[in-house]
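Student: Residue-level listing of the chains:
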Amino acid sequence: MKRLLIVDDSKLMRDMVAACLRPLGEVAFEFAGTGLEAIERLSLTGFDLVVLDLNMPDVGGLEVIEFVRAQDRSRALPILIVTTRGDDENRTKVLEAGASGFLAKPFAPQQILEEARRLLPSKRAEA
Amino acid sequence: MIRTLHVTFRVGTADYALPAAQVLHLESFVTATHVPGAPPYVAGLVQVRGRVVPVVDLRARFGLPPVERTIDHRVVVVQVGTRVAGLLVDSAREVLQLDETSFEKPPEVIERQSAGFVTAVATVAKRLFLLIDVPRIIGEELTHG
Amino acid sequence: MSERVDLQEFIGAFAVEAEEIVAAANTSLLEIDVAIGQGTVRPRAVRDLFRALHTIKGLAGMIGVEPIVEIAHALETLVRAADGAGGVLDRRAVEVALQGIGAIAERVRAVAERETIDEAPEGLLEAIAEAAARGCAPIAMAPIPPEWHARLSPGERQQLALALQTSDPVWTLSFTPSETNASRGITIASVRARLGAVGEIVKVIPRAIAATAGGQTGVAFDLLIISNATQAVIAEIAATELDGVIAVVAPAAAPGRQITEVMDVTGVGAEPPAPIERDDLPAVGRAVVRVELSRLDELQDQLSLLIVSRFRLEREISSLAELGHDVRRIREVAQIQGRQLRDLRRAILRARMVPVSEVLEPLSLLVRSLARSSQRDVRLELDGCDAELDKAVADRLLPALIHLVRNAVDHAIEPPEHRVASGKPRVGTVRVSCLEVAGNFLEVIVTDDGRGIDRAAIALRAKRPIDDEATLLEVLTSPGFSTREVPTTTSGRGLGMDIVRRITVSDLGGKLSVTTHPGEGTAFTLRVPVTIAVMDVFSFQCGPQSFVVPAVVVEEIFEVLPEMLVVPPNAGTSTISPADRQASKWPRAALALIERRGHAIPIVSLGTLLAIDSGERARKALVIQRNGDRIAFTVDRMIGRQEVVVRAIDDPLVNVPGIAGATDLGDGRPTLVLDLNELGTIARQRGVS
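Protein chains in written order, with my numbering: chain H, 1 to 127; chain Y, 1 to 145; chain C, 1 to 689.
Keep in mind that the hints are not guaranteed to be accurate.
Subject to a maximum C-alpha distance of 27 angstroms in a straight line, what follows is the list of computed DSS-like cross-link-like pairs (lysine-lysine) [stated by the list, open to error]: (1) H:Lys105 - H:Lys93; (2) C:Lys391 - C:Lys511; (3) C:Lys391 - H:Lys11; (4) H:Lys11 - H:Lys105; (5) H:Lys93 - C:Lys511; (6) Y:Lys126 - Y:Lys105.
Keep in mind that the hints were calculated from the coordinates and are not lab data. Computed from a prediction, not measured in an experiment: that's the story for all the values here.
Working from the sequences, and respecting the hints, build out all of it.
Tutor: Below, the structure written as structure tokens:
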């Protein structure tokens, strides 16, 4: 059972992302509405993948990545950024900060599903 | 013959009457906010038409055991001078014209027993209505002192 | 499992969320517009507006509504520039933003009703782009502590600067999430929500800390907030120590310098900076001092306490009289004092008065926006509004007026062609007029020249006859009725006519009435008091009842567990004997002791003191202090903190010690206001057997 954390301040967006990723199979979704909640949740439990929006009140996605990467135990955590700002400048900045993947809104359901599959460790890799 | 409008209501097995001039309105009763430390016959406070009004539970005031609230229960909102208070009664249905000249003094033993609450008795078509002293019921004596 | 996910099934949800976002955006714009009128800025509102636009752009993109994406994107650019300039949008930019949001709202409605969606109008996009390019004149910013400078965005710096400039209390503190906190429901989300309710959050910054095996995670959150709440309350909300809540003050100004920073502005043609003077004297030449409403509230709270102790004085004098003392001279002094208190109250209330026209300003903006999105031609007239109103009344009244005006534009005013066809002027008129009425009341009348209310149709829908206007009003304002109206894009959900009645009648103690003529129009009359007594209170649950106490008397609130109480000798147990209850005597409530910050404080269960509860479920304690003596009362749980209208209850039937008045917490039932000082005295007396 894979644990996914979906972070976006729009409930609709969270629901849509969950719907897009349901075909992954054995997944449990958790949701957070702000970067703060995300950080708090991540510090209390472990996840297999985080889907993160950049634009949120008080603490945005970028700060969440920076924070999470600064903690040793979370270095390997796959983080997929989804954002409306699809320009290349942003993409570079985000990947440099430590995001594992980058997807611009709007995206098709198939696109995010593929990205998630790419980032989630496959069963075969688990020894 | 002086016929004036009276609001009648029931408490226990007796019917009572009040001059309509003293009555502001009738309200249904759901619940009152209990006021700790108030006399036990005060049911509490209710909010009526934007006003906060203390409610006297007439059953308790008249020494009757309490009953379960029903939808028939009413609060008769009265005004005495500048004071506005509510009287919680078992039911209040009729408004009648009563002939004041036909009012009789209550038998002395009743007058004493009811601690001065009943000031007169009226008979209408074989029914007895007890006229009550509203100021006394809402504790007008508390205002002096 | 099928892998084809179709996001079109989310269209309904999109319409709902988009509508909420549009409403939020309009509210932010309104705030910004009002601020412009006052000569100041609202960086927070600009930030909120930006996020709203950004979110709706993303959602519309996912659902596939291109025109909304285009308009939102253009507006986003405009607002981003404003945010970068420290939160500055001028009137023209606000106007264009309003048009843009109106255009978005139209298309959201079209989505909801499965109609075709119009392309984004070229003219509008151009106007927005032009406003963005023009930029806004930057404004000066007062100095802020250097250590915060680097951690805040330009908009946030401006927010902090403004607060320091107007001497609003600014605090910084840290919240550390932990498993213990989480199990009690204290998370960063709950802390943020609760702090947001008592103030304005400027920034929250996560900080890595060493994780401990004992459940402490590796993160702490540093918060910067503007709040009038006491340090104690803030510390309680954030589950932190009192001395962890640190005041932030403006850096000492260097002599001779007025401006420390000028915001950069993007865009061409920026004018040289002009400092905005916040204490401009109006042209009329009156001596005017700008006073923060919070300071007047404080004055008011102190006055309320004076009034409460006045009641106690009366009772003490009465007790002395009963014992046979000659109280004439003391009574005289008390009466003089009573008169002086009344005069003081009048003076303070006068200081809180605002002209009604100022309160009604947002309505013109609202009507413009509503008219656009519902495709009506309407104008707003304001009449006789140089009357004055208590700010607290005005604040409460505005939502009711907004709803009535919305209703008028949405339901009452007919489409232009319809009006012309029936011989009415093409442009509909909604008028708000004010009339001073004897006895400290103001009548605010919302009139429209629309189609009037169809009494027969309403009677049919309500399934009862409507003989007069009083019954019509009753039906219109009954909760079940309002929610059955079909919500349109601009009506908003939830705020029905029943709330208009609750605000006018229960909350403000006023009256509501309606007159209507089919085909001609409708008039709603709200009669409201010009002044009311408003108090800042804590609300809590004790046994079966909720109560409130003035916030200003509460020194501290903390969590208490039964094992923390120390029962000294001879305290006995608190029991309520049937005989006591019959005679309505207070039971002997036992005083126990509790340790707090190195001192022993007497503590008593409020439930047993008031003889309404055993006090077993009490988990919170409120501490009050007078002349150095502290006492704590335990209650079941805290409900919250709010501003309420307090009515004195001086009827002798309920004139009991410890009760200072009644208020309405919003459930339509009276909630008692307790005088903890008096109860403290009683507790001390009863504690001695």
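Student: Compare the structure with each hint and give your call.
Tutor: Hints, verified against the model:
Between H:Lys105 and H:Lys93, the direct Cα distance comes to roughly 17 angstroms. Compliance with the 27 angstroms bound is thereby established for this hinted pair. Distance hint between C:Lys391 and C:Lys511 is fulfilled; the C-alpha atoms sit about 19 angstroms from each other, no more than 27 angstroms. Using a Cα cut-off of 27 angstroms, the hinted pair C:Lys391 and H:Lys11 is violated, with the two alpha carbons roughly 36 angstroms apart. A threshold of 27 angstroms between alpha carbons decides the hint, and for H:Lys11 with H:Lys105 the separation of about 16 angstroms falls inside it, so the pair holds.
Our distance criterion of 27 angstroms between C-alpha atoms is broken by H:Lys93 and C:Lys511, whose separation comes to about 60 angstroms. Between Y:Lys126 and Y:Lys105, the direct Cα distance comes to roughly 17 angstroms. Compliance with the 27 angstroms bound is thereby established for this hinted pair.
Going down the numbered hints, you'll see the structure goes against 3 and 5, while the others check out.
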